[in-house]
Every structure is written in C-alpha cells, then in structure tokens.
Amino acid sequence: MLYRKLVLAIATVIGAFLLVACSVTTAPTDASSGTTGQTTDATSDLTSSTTLDDDEDDSEEKQQEEAVEDFVAANFSQLRADMSVGRGEYLGSLATLLAVDDIRKEAFYTMTKNNFSQLFVSSSTSAKELVLNLKQEMMVAKI
Amino acid sequence: MFLNSGLFKPVVISSLLSVFFSLPAAAESLAENVNKNKLLTTFVLKARAGEIWRRPEWRALLHLPSSLWGERETSLVDEPQFFLSPEGKKSAQAELEATLAQLFSVTENNNTAVACRFPARLAWLRKVLDIDKSTLPDYQCRRLNNWLAKLGADGLSVIFPVSVLNSPASMFGHTFLRLDRRADKKPDLLAPTINFAAYADQGRGFGFAINGIFGGYPGRFTLAPYYQRVKAYSDIENRDMWEYQLSYSPAEVNFMLLHLWELLPAYFDYYFIDENCSYHLLALLDVARPALNLTEGFYWDATPADTVRAIANAPGLLTKVTYRPSLRETITARAEALPLPEKKLAKALALGELELQVPLIADKTLSSQAEILELASDYLAYLQASRHQAQDIFDLAPEASIIERRREVLANRQHRLLAARSTLPVDLPAPQTTEPAFRPDQGHRGRRLALRYGNEASEPYLQFDFRWAYHDLYDPDGGFIAGAQLEFLAPSLRFYPAENHWQFEGINFVDIISAPGRNYFIRPFSWKASAALRRYQFDDEARVLMGDFKMAAGLSYQLTKRVAASVYVDTQLLLADEFTDSAALGLGTSTEILYTLSDKWKAGFQAELMQYVEGVSRTRYKASGRLRRTLEQDSALVLELSENKEFSSSFLQAELAWQYYF
Numbered sequence: 001m002l003y004r005k006l007v008l009a010i011a012t013v014i015g016a017f018l019l020v021a022c023s024v025t026t027a028p029t030d031a032s033s034g035t036t037g038q039t040t041d042a043t044s045d046l047t048s049s050t051t052l053d054d055d056e057d058d059s060e061e062k063q064q065e066e067a068v069e070d071f072v073a074a075n076f077s078q079l080r081a082d083m084s085v086g087r088g089e090y091l092g093s094l095a096t097l098l099a100v101d102d103i104r105k106e107a108f109y110t111m112t113k114n115n116f117s118q119l120f121v122s123s124s125t126s127a128k129e130l131v132l133n134l135k136q137e138m139m140v141a142k143i
Numbered sequence: 144m145f146l147n148s149g150l151f152k153p154v155v156i157s158s159l160l161s162v163f164f165s166l167p168a169a170a171e172s173l174a175e176n177v178n179k180n181k182l183l184t185t186f187v188l189k190a191r192a193g194e195i196w197r198r199p200e201w202r203a204l205l206h207l208p209s210s211l212w213g214e215r216e217t218s219l220v221d222e223p224q225f226f227l228s229p230e231g232k233k234s235a236q237a238e239l240e241a242t243l244a245q246l247f248s249v250t251e252n253n254n255t256a257v258a259c260r261f262p263a264r265l266a267w268l269r270k271v272l273d274i275d276k277s278t279l280p281d282y283q284c285r286r287l288n289n290w291l292a293k294l295g296a297d298g299l300s301v302i303f304p305v306s307v308l309n310s311p312a313s314m315f316g317h318t319f320l321r322l323d324r325r326a327d328k329k330p331d332l333l334a335p336t337i338n339f340a341a342y343a344d345q346g347r348g349f350g351f352a353i354n355g356i357f358g359g360y361p362g363r364f365t366l367a368p369y370y371q372r373v374k375a376y377s378d379i380e381n382r383d384m385w386e387y388q389l390s391y392s393p394a395e396v397n398f399m400l401l402h403l404w405e406l407l408p409a410y411f412d413y414y415f416i417d418e419n420c421s422y423h424l425l426a427l428l429d430v431a432r433p434a435l436n437l438t439e440g441f442y443w444d445a446t447p448a449d450t451v452r453a454i455a456n457a458p459g460l461l462t463k464v465t466y467r468p469s470l471r472e473t474i475t476a477r478a479e480a481l482p483l484p485e486k487k488l489a490k491a492l493a494l495g496e497l498e499l500q501v502p503l504i505a506d507k508t509l510s511s512q513a514e515i516l517e518l519a520s521d522y523l524a525y526l527q528a529s530r531h532q533a534q535d536i537f538d539l540a541p542e543a544s545i546i547e548r549r550r551e552v553l554a555n556r557q558h559r560l561l562a563a564r565s566t567l568p569v570d571l572p573a574p575q576t577t578e579p580a581f582r583p584d585q586g587h588r589g590r591r592l593a594l595r596y597g598n599e600a601s602e603p604y605l606q607f608d609f610r611w612a613y614h615d616l617y618d619p620d621g622g623f624i625a626g627a628q629l630e631f632l633a634p635s636l637r638f639y640p641a642e643n644h645w646q647f648e649g650i651n652f653v654d655i656i657s658a659p660g661r662n663y664f665i666r667p668f669s670w671k672a673s674a675a676l677r678r679y680q681f682d683d684e685a686r687v688l689m690g691d692f693k694m695a696a697g698l699s700y701q702l703t704k705r706v707a708a709s710v711y712v713d714t715q716l717l718l719a720d721e722f723t724d725s726a727a728l729g730l731g732t733s734t735e736i737l738y739t740l741s742d743k744w745k746a747g748f749q750a751e752l753m754q755y756v757e758g759v760s761r762t763r764y765k766a767s768g769r770l771r772r773t774l775e776q777d778s779a780l781v782l783e784l785s786e787n788k789e790f791s792s793s794f795l796q797a798e799l800a801w802q803y804y805f
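Chain order of the listed sequences is A and B. Each residue of the first sequence is one higher than the one before, starting from 1 at the first, in this note's numbering. Each residue of the second sequence is one higher than the one before, starting from 144 at the first, in this note's numbering.
Only chain B is shown next, with the shape it has when bound in the complex:
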C-alpha cells in the first residue's frame, strides 16, 4: 500500500500535468475562465455581503459627493470612459461589480488593461476583499510605473496663491496641490503640481464666466512643474503664495497618485460655484485619507480660503506653512530698507531716466551700490511683467515692431544692470519681507449676518442683513489683502416697529473696492464698482427702490502703517420710474479714510458728493463716520453716524449693528 501509493502519486501528478499541457489552447483558456468566473462570483458575493460600495473609500474613488440632503448617488465625473458599467455614474454597486468583472475576465496584460487604467480601484479592492497576488497576478503597467517614477513624490502640499490686487475676479484666491519629494530633498521649484481647472481655449471675459457657471467647459486635472505656477502667480500676477505642507505618508501619496492616474483622462462639467478647483482638490485629498472627509460640509460653494481652513482644522493634517512673497512684496521690502536718495537712483535706473555710469554710483559704498542695482533690476522686471499683463487684459495690440523694439530696450537695460551687479564683489542678505501676521485660513469667514438698530430721520427701525461673501474694508484684515473689498449677494430687510411694517430694503449684488496703497515704486490705481437695488429718499414721503450702479476710479495711499486714505472720481446710474426716462446719471467725488486703531478697533470717515446731470437735477451727499469693535473671533459691533441728503431734505442717521461671521 505504502509503496503503491508512493509510486502512484507522481504518476498521477505527471499524467495530470501532461493532460493539462496537452489540452488545446482554447480549452485551457476555457478552464481558466471557469476558474476566474468562480473567483469572480466569490468576490462579488463577498462585496455584496459587506456592501463595500457604501464605504467612503469607494465613494471617494467614484467622486460621489455628499450633499445637504444626505448622500447623492450620482458621480461628479462626466466622462463616460471613467465608468466600466453603463450604470456606473449612478450606481456605485454596479460600478464596483463591473470593475471586478473586468479585472477577472480581461486577459490582456498591458497598459490598456483595466488594472492599469484603474490602479487605485484595484489596490483598494485587493485590500478590502483580500484578493492576493496568487488569485489575481500583478499587471505590468509600464506607462503607469514610468509616470510614478518620474513624479517620485512622497509628500503633499496645498498651495494657495492669494487674490490679485486690482482683479476681483480672482479675489477668492486659488488652490492647487504640489507633489513634494522630501526624501530626495529636491528643490520645491522642480516639484510637480496638480491643478484642477476649466479646459477652455479662451480663458477670459464674460463668455468664459457664463460658460463656466453653467458647466460649459469641462474641468480637468493637469500637471505642471511648480516653477511654472510660481512664475504665473508670483512673478507676473504679483500674488503672494502660501504653502501648506500636509502630513500625508508616502503610501497615502502613492495611492492618491494611482487615483489621479484614473482621473487624468476624465473630465468634470465645470461649475464655478459648487465644483470648482477647491472642491476637487479636497476630493483628491479625501481619496488619500478617506477618514478626513474634507469634502463634507461643502455643499454648494467652496472658496479656496474654505479649503485651507478645512485643512487647518483637520486634526494632525497640517505640518508646516510657508509664505512665498510675490515680486511686489520683495520690491517693497527692498525699498523700505533704503534711504530716499538711493531709492530715487534705483527707480531712475530702472526707468531708463538715468544711464548706468560707474562714477555716478561709485561714491556709494559697495553694498549700497549692490542694493541700488538689485532693486532697480527687480523693479524693471516688475514693470516688464505688469506691462505684459496689461496688454493681456485689455488685448491691446499696438504694432508688433513697436512692442519688439520696446522689449529690446528693456532687455538691454536689464542686462546692463545685472552685468554691473555681477562685478560688485559683495554678498547681500536676501531681502527681508515680513510675513503677514495671519494666514489665509486664519481670516474671518465670508458669510455674515447682521442685526442693526437704526434711527433714520428720527424714525427707528430694525434691519436684518445677510452677506453671502466675502470681505469688506471694515472686516478684520487678518488673512485678507489690505485695501480690497468684495461683497457679494447681500440682501437686507427692515422692520419699522412704530408702524409694525416690514420692508425689503435692498440687495447688494456685488460691491467691489480695490484700493491698494501706492508707494514710491508700486503705483497701482484704485477703483470701485457696485450693482445693487437700494432705497433712496426720493421725496419726504417715499423711499423708492432703485437700481443702483456705481463706478469710481481713484488713488489710495497708505499714510502710515495704520492709516489709509483714498480719493475717487465717481459715476452713478440710478434706475427708477420716478426719473425722466426712468434713469438718472450722476457725477461726483468721494473720499475715505480708514484708521486701524488696534487689532480690535477700526474707525473710518467717508464723504461722498454726487451731482445728477441727467434724469433729475439734484445734489446728493453723505458724510459718515464708522467705528467697529471686534467682540470675538467671529462677531463684531459697528456704530455708524451719518448726515445724508438724497433727493429730498437732509436727515441724520444713526445705526448700531451686531455682525456675525459664519
């Protein structure tokens, strides 16, 4: 028996083997398929038993958003190729089972295999369903592996370029991801970045915005080296940047990249409000660490500041924040360190008012010569960039030859400045820019509720105000750009207790002030624009609701560290049936002085004079003083006194308001 069985075994095995190998190829694959089908059934049943498609990891991989009314079951991805099941966009279960089915049926082993197109799904399914490498061998995804090796990332940072002065379209800022290489200590500039943006041929103007809002352009993830973005934001648009280094482990980063690989060919309908850059970056961060669930709470509007706030609030996520000043800040810092004659010299050299001659600056010390030349060269670079930008915005196209000649002159001047600097045997410390005391995530929240008690021409009232976004000049400046205001969708409702009467007071659709302070080198213009429905005292009886559009241009100066002043020339268009042709046009002037008394106190004085020249012939004025006191992080008291004359006799107004940010 023993002998027999001992002999029998090898015989059986060898005969079985020979049978197996002698089977025709078709039968072999048939047997393999039967085997695979069996495996597939096992895993599908296992998945169903655990209802694993309900797990946050799978939902994150399919980009199923959570919403105010519970979980939505429709993926945000709009690319059909992203789904393996025809029902995939709507059914997480169908998509999961289709993924399993394809993993176990498709035998090709190359770059187009499902496992190579959806490596993150595979990795997750392997882990959750215990699919080991003997049941489903590893694929040779050469292209994917090359891509991962090229990125070589082991860390993550979120980058936040703050808004552009003078460009409120970008006032919300922007966010993108940087893939860091910490182990190799590679320089940041060379790191790749992941950006989510609308993929449009023409990136500016009203058509772009309209299309963007209604999802007319597809949104995509794209990669570019960090130096390209620094150049665009910091050097050309003069936006300071904040780098939020996150605590993701190399394994988490790798998993996120596997998922990014799945997303690169996919597109999302791009809605600016709810599906913008910020939302999709958070979704990507959720993929790498689903427990964070950063996208939760962003139901339909996410601003970049909200993104960094969510990151800063997630426990243990933030490791370090770095500030990268823009060229404009560097110039201001350099200039502040220099006495006036040196500043004058540097500016004249940059503008070409003064030819660079050695005896001219040779009477200065070596380091002071170096400082002058470095400042002049930075300033010239700034001028070149802003001139280019101006041409971009206004689409000015003077003759190409003129531009070319101008560019050549500037290039020559820059070359001479730098060549002269290189001959000076002196080493200066890097310019000392001061990092703002508050980071963007530490600013107040954009939405605001206010309750005010007021008295207008000795008639008391209660007023309820709401503001959807974002910041006004009297809000705390920390985390925001000084001298910039963007208010958006702010309706007001009034209640007159004496008459027990409610009245719609008006709505501010948009109210922008861009008042960057001018200094010796940086000399931007200020402007204001607003569109609103609001009530004006038309005669002594009636306060009429009017369409109110204002535009103003002016100049602003930072008089001291705490005092800023602006003067404007204003125009106003009022629309109401009471005017001839239902419209009145006014010209006027206004001025505003803002005094930041301390962290908690702000005061301001404002005067406005408007002469109507069409539609009605009246003079309107308003002089007001305002005092604001921060109570806590998210609430404040505001007292405002004003003397007004609108279209009837003048009146006095006093208001005390309590404001709450949320």
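Next comes chain A alone, as it looks inside the complex:
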C-alpha cells in the first residue's frame, strides 16, 4: 500500500500549490523589480506611510517632487510610449502630478511628442534625466 501513501502525498503537495489562490502574485513589488526597461523603486511614499513614519516635516513641494520622480521611475516605459504618440493614460497622470493646467494639457502632450528626441536623448536616458529634461522643455514651451 506504499503507493497509496505516495499518491496522497503528491496530491497534497499539488493541492497546496494550487491553493495559493490570490497570493502567489500579490506582491507586485516582487514582480516589478527591474522590469521593462527601467528598474523601479517600489517604495513609494504611500508604502512607506504604512510603516507610520513621521514624514510631515517634508514640505509639500518636496513631496510633490518625490511623487513625480517615483511615478516616472515606475512607469518609465509606459510614459515613453505615451510621449511618442502624444497621448495616453500615463501621460495624463503625469500632467496631473506636474500640476499642468487643464487648458495647457493639450500643449503639454504635443510638446512631449514633438520634443521626444530632446526628452529621451538616448536609450539610456534615466528617469531622473527625463524629469529634468521635461522641466526644461516645459519652461521653454511656457507650460
């Protein structure tokens, strides 16, 4: 009857593996580390707030700046794709984060498309460089 035990043991292990139901992929930070094109920093200010840190000393401006950098770093390839066509959900979210006025948004989108090669100088342009380039181009375009 050894085989019966073996059957049960194997079946239990397989069953256990399947029962992970909603959990095996519940750690997006796990899956998104070093992904499409750009390595991401998963610890955003929201995650860190779960540790109940006191970070109210940061000025609002600094927090906003960090939010932009986090967003660009995490969604670099999506933003690049959106900018190449001058529209998209990620680009729209970035415009909100950068506090672009509603009436200037279209101009902002078009600017990213038209100045794509200035924003992404090469394939190794980093998220930080992109934010800098973006701010510069926004100044020039008066957005």
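Rather than coming from a laboratory, the hints here were simulated on the basis of the structure. In this text, all values refer to a predicted model and were calculated from it rather than measured experimentally. Wrong hints could be hidden among the right ones.
As the list claims (entries may be wrong) - Here are the computed lysine-lysine pairs in the DSS-like style, where the Cα-Cα straight-line distance is at most 30 Å:
1) K181(B) x K233(B)
2) K328(B) x K105(A)
3) K128(A) x K328(B)
4) K62(A) x K179(B)
5) K328(B) x K487(B)
For chain A, the structure is supplied; the task is to place chain B on it using the hints.
Okay, now just chain B, sitting in the frame of chain A:
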C-alpha cells in the same frame, strides 16, 4: 435678599475658581480622574445595558467572523497589540470595556494615545454611546490626519485582476481595493490601493504554499499606488483587470480608513483557504457599511470571483464596472486591425530581424506607418516583460553581463521605434479592444454536483460527482478565461443497480488544462497536469483503483472564433499493485477540438493514445465526443459517447449527465 444673592454669586464663583486653580497639580488630576471614572462607569453601564458589543459594527471592527455554526467569538486578528484587553481576542465585551477605560484614563494627547491608534472604535463609541466632545475632547492625531489628507479618498473600487494564462496558481484571480478621489477627478493610476497579502520574504514555490496553508506567514494590509499594481498585473503578467466602482459615501470611506489605520500594524495568520485576500477585503467593506454583511456566507473558502459576485448581488452597492485590458489584449486588438504584410513588418521590427529604415516603410500611408510602429513597440514591450517573467519563474541566472547586453539591445531597439513614431505627424485612435461579454461576477459558480446515468460495456450505472472548484473547458466560458481549466477535489461514487452495489469511482485531486490560443504575435505553449485516483479496466473482471498522474505539453490554436484545437504530447504515471514494481509509465499523444456552437451549446471531440513502456506493456486509447447544453444559468445536460481500450478488451461507453453549479 436680592442684593445679597446678587453679590454672593460672583463671590462664590470666584472663590471656587480660586480654590480650584490654587489646588496642587496632583489634586487637580485626582479630581479629574474621579470625574473621568464617574463618566467611564456611566458609559460602561450604558454599554452593558445595550449589550452594544453584540452589534455587527463592533464585531466588524474586531474582525469576529460568522461561521456555519453561528457566531464565533474569536477574532481573526492575531496581533496582540490590536487588543487593549488581555481577553480581547476572545471577548468582544472585555475589549469594548478596555477601550472605554483607556479612552477615559490615559491623559496623554499625542499620536500614541488610544484615541489616535483606534480612531474607528472611538468614532463608533462616540456615536453609539453619545459621548460628545465636552465629555471626551478631540485628540490631536497629527500623524493620522496627515495620512488621511495624503490619501484624500472619497470613493472605493474593488479591483479584480483575472487569472494568468499558463499560471493556474493564480487561476482564482485576486482582489484588492482602490481608494478613489472622485471630487478632485484625480487620475486612477495615482490612486492608492489597499491590498491584503501574505508578508513573506520569499514569495514563490512549494514552501510558500505549504506555509501559507498552515498560516505560516502573517497576512497584512499594505498600501501602494494603483500604477504599481497595474504594472504588475496588466503589463507584466498580462492579466486583464476589472474595476468595480462601489457606492460608498465619502463618510463611509473615511470610517473605513480610520479602521484601516487600526489594522495597518496588525497581522492575521494567513490561511489561503479561509482567510485570504478576498475574505479580508469583504471584512473591510463590512466595516464601512455593516448592514451589507458581505462576509456572511463565506465560511471557509472565498475565491476572488465569489467576492465580486457578493458585491454585484448586494443591492445598490455597485455603480459602475470598467474593463482594463492587458498589454496582450491590446496587442491582439492592434494586430487584428492590420493586414498581414503590416503585421509581418511590425513583428520583424520588434524582433530585430529588420532594421528600422525610413524607405522601407515610407511607401505605406502615414497612419499605416504609425500603426506598424506602435504595434512593434507594444510587442517588444511584451517580449521584454515576458522574458523577465520567465527568468523570475524558473530562476534562470545566466551571466549578468549577457542579460545586461541583451537588455541594452532591446532598449536601443525600443528607443528607435518610439523616436521614429514621434516624428510621424499623425494621431491614431486608441486600439479597440473588445470587452468580454461577461464580467467575472457573471460566470457560473465553481462548485458543481452531477448525476449521471451511464452504460459501460453494456453495464448500466448511476454516478454521483462533486467538484469543489472551479471551471472546466466544457463549462460556460462567460466570465472565465477561454482555454483554461482548473478542477479541484472532485470525488465520484457509482451505483450499479443490477448488482445493487456501490463503488468509490475515484477522486480528481486536481486537473489543470492551460490551452491559450496562439496567434501571429502571442505564442504561448499549452500544458496539462492532473493528479487523481481513478479506476481502469485492468482485465475483463476487475476495474482497479489506480493512482493516476498526467503531464502534457502542446500547442493550441483558435481556428475560428468558435473553434479551438489543441495537440499534446502526454506522459502518464499509474500506480497500482497490479503493475511490476507497482507502477506503469506511459508515453502518448492527445488532441482535442472544442466547438462553441452557441451560448447554450458546446461540442467537443477528444482522442488520446497512450503506450505504456514500463511496468506493463499495453496500448491504451480513448476516442470520445461530448455535447453540452446549458439548461438554465446554473444547470446543464451533457452527453458523452466514447470508445475505450484500457488494459483489457475495448468497450463502448455512453453517459448522460445533469450538472448543477452552486
């Protein structure tokens, strides 16, 4: 008299005041304590009179589950700090009185005060016991208020990423909450999400599953921006997502967040079956609106599909459902809109088989050039993500320098594609993905009962089947992923009326088929795996119960919208005392064609050939046809005819089954 009393009053008051203020500090706090004790006694008595700890609101705040046998009195929270009374985990009353006691005794007024650690309890007690701000002043919980302001939420959505093709571990899907900011019209991607997950260092493999089942890892609520989750589920794992917008008012959302604040430092022993992501999300939704009592009815297993079904069935809870297609769906939609030469061009550009040169595609119209470049870039992103994922799963670690060089090549190619696209002065409409006709909450239920009448080698029988979960290829596809099957714990019992004899027919522990159709761009492999105890006709007399393990790999194609076909190479391990060394190993092949005739009719043809090479030297085959007709939402009739040869002479089998989902 009048004058006297008129003069007397201010004197008395001022003298009283002076006495009061001149009291030493200790005496003052003593007086305050006496006063507070009095208040406390009043409120405790009031709470006892109303037995308010029995109210669903308080039970929800303490996470006391309801169970099949009435209400359980043990909280699901396993963090000792969550309870103010030593008996708090087991006694809702003790915890309520301890909370009141601490609210009225602790004088510190800062972030660590009980009122700041348990703001939802305070808010609820204030309301139920009429504790107004003069008896218990508001606390200055700076940290809590900052946190609430940062979240700035006034709405709630439940997000359901469907299962991953080719990864049955996730076939049940997942659920988490999104905190919406409707008043500000903030973009969804920036919204914070609340997720309940096992908190483990290593998130994969068998050890993880075993530990998970027995509560080896603590479960916690965590927050992350929605864009991180979209990235993980939609862009990397290619899971479509469904967003269920709920009708919670800003006040309800705020109360739920107050309670979440209480929960963030707490942990739950994480049991995959009964205390999973879905159960705890429902519990959180119950806190915000206890009248819903969504957790009721989930006694020991909740799948994410059950969660969204509970939400959809709760009257007035659902306001809107949005479908967010994965990158894979977007690519398929883009490809479908293009003629073949354009598709070929896009694929070659993405794979680097063709260098991007302007004259090459310049003979196309501007919009067609743009379409080619956009598809090529999406496809390249898909390849990058799936390659990364493959490395994750199999833990392949080729030399770092090789990976780095490869990544650089792809990044360069992507950069050139997008730069070229940005120079085209043309605006294309967003790709038109088609939303599935059924939402996940509209699919059939996972559990199934079946009663069949069969005839095997001219011997009639009745068979009773049960299936705990979840979906097979012949079940209605609506709300499920096409070409995916996950059956789990399915025992069968047979009755032979001629001999008046009952027999255990077998049990399917698990039976998985992952057969996603391949197209020009997306080319996944198909596979099958199963573990069962089942009977095979060993000789003309005996049907022997055997351990049965199968694995198969193959390819599947969606031939037309209605016809899908798969071919596999199969292996099988049979365990029974009848074989040499109690085991038989077989190699073979199988094919299956599935025809969805209409919403109600499905037909299929299956052929399987297996040659045993170890343990026994036999050839086994089975050819069968199946026809399924949906009767109502939750029942169906299935007719199956097959020609079988197992380990003895061949026989004919016919079965008519009635299936019921519940």
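Distance restraint between K62(A) and K179(B), which requires alpha-carbon spacing of 30 Å or less: Distance of about 44 Å is beyond 30 Å: violated.
So if I understand the rule, the pair passes when the alpha-carbon distance is 30 Å or less; does K328(B) with K487(B) pass? Since the Cα atoms of K328(B) and K487(B) sit roughly 41 Å apart, the hinted pair is violated (cutoff 30 Å).
Take the C-alpha atoms of K181(B) and K233(B), compute the straight-line distance between them, and say whether it is at most 30 Å. This hinted pair holds, its Cα atoms lying about 27 Å apart.
Do the alpha carbons of K128(A) and K328(B) lie within 30 Å of each other, as the hint requires? holds (27 Å)
Does the structure keep K328(B) and K105(A) at a Cα separation of 30 Å or less? holds (15 Å)
When the structure is compared with the earlier hints, violations turn up for hints 4 and 5 and for no others.
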